[in-house]
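J.: Residues per chain, in single letters:
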Amino acid sequence: MQEAELPTETLISIIDDDEDFRESVAGLMKSWGFTVEAFPSELAFLSSPNVRNASCLIVDLHYPQMTGIELHRRLVELGYAIPTILISAHLDDSVRARALADGIICYLTKPCDEDALFGCVSSALERAKPDEYRS
Amino acid sequence: MAALFVVALVLLWLRQRSVLDLWLMLVLCAYIIEIALTAFPIPYRFSVGWYAGRVYGVLSGSLVLLILMKEVTMLYGELLRAVLAQRREREVRLLTGDAVAATVAHEIKQPLSAMTNYASTGLRWLDRATPNIDEAKAALQQIVNNGHRMGAVIDNIRTLFKTEARTRTSLDVNNLIREALALVRYDLQTHRVAVQTDYNQSLPPIEGNEVQLQQVLVNLITNAIDSMATEDGDRVLSLRSKVYDSGSLMVSVEDVGKGVEPSAIDLIFKPQFTTKVHGMGMGLSICRSIIEAHGGQLWVTANLPRGAIFHFTLPAHRQH
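Protein sequence lines, in the order shown, are assigned to chains A and B.
Count along the first sequence starting at 1, add 251, and that's the number in my numbering.
Count along the second sequence starting at 1, add 2, and that's the number in my numbering.
Everything labelled a hint here was simulated from the structure, so no lab data went into it.
There may be inaccurate statements among the hints.
Under the rule of at most 30 Å between Cα atoms (straight-line distance), these lysine-lysine pairs were calculated in the DSSO-like manner [what the hints assert, rightly or not]: (1) Lys260/B / Lys244/B; (2) Lys244/B / Lys272/B; (3) Lys272/B / Lys281/A; (4) Lys111/B / Lys281/A; (5) Lys272/B / Lys260/B; (6) Lys139/B / Lys111/B.
Covered by chain B, per the in silico footprint, the following chain A stretches (three or more residues, Cβ under 8 Å) [as the list claims (entries may be wrong)]: (7) 270-280; (8) 359-371.
Every residue, glycine too, gets a C-beta built ideally from N, C-alpha and C.
Chain A on its own, in the form it takes in the complex (with noise of 0.2 Å):
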């Protein structure tokens, strides 16, 4: 597996409402060099003051309420087109079918596999940039 070769200056948010699982995802992605910020909320992240500035988006769907889903939306709405990736527990086709037409870069499901989700950051940051990484 490669080194992360992305720049360290992108900023990958988290949003999990179970803190083990989120810090979990935090320390993996800081193990690859990224720069982090976890949320255990939807609303923690939409009052931070970075949410501009968040490069790649990994939510936690929160079934049933799909939250995560709802959050994307509420972003593409106010003009943060933020490349998101949606983690759950449940399976579902037809709600990832959903997510994925809504324009969420992945599903996974937890527990996720690691060169998954990798893939998934990777596209994800291309697209936040596009002029400067896309080959």
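On the provided structure of chain A, position chain B as indicated by the hints.
T.: Quick look at chain B alone, frame taken from chain A:
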């Protein structure tokens, strides 16, 4: 012949066991009178007394038949009701089991996923040119912690199942409502929902499973909170308890939120309906099953100018 009937009558009188015995005695009386009447000498036949006797015979016979029919029909009704109630209880228990299984799966996946993440993290930290031992150790420690957390979840599974679906106690519905409100107090505050209550002080006690009825109330209240979450203006949740009729009481949960589409009024109680199901994911279909297993009904009406009112009835506890 008449002597036989008289003997039977006396025996029945001495050994009365049920309502049927009384009515059989009546019929036997009629037969005896009938026999006595047929023994009337010719001139006295067709006299008023004779007719009275015959009429009495017909009437008592018909009466016994009608009583029998009524008793049998009532018995069938009770039997059907018991079978349906039993079926609902089983349904509730299965649905509760399914909800518990979903919760357990979810609760286990969290620490499990954290563990795999930390393991990958540890590997990454060690896989560098200069391995970061401290970070790797921290990651390994977190694996231990999450392992313990999983152990605790598994230990608690049986407690989760111990929502004794069968224990029923005498309950005060007003108290149930107060406790449900206390359980969701934080939710109410966060969403700035004002609560109005209107308790009927002379409510009869009901017999039910406290945990299940609590779940129903909490579910209805959180649904109400959710429906108002996206609305502007005042958010008011109203809870009312009142006597419904001579044998039951009614609770109403009223909100001023999005309301329910007229076309969806029955749809929302179906098990497959998944939108906006809050908390433990109980769902309105389980709520309805629980209420019906208790002998009541759950339905929704529109609140004017906007919102919805969920009503449920429960039979009063009959003292045996």
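J.: Of all the hints given earlier, name the ones this structure violates by number, lowest first.
T.: Number 3 only.
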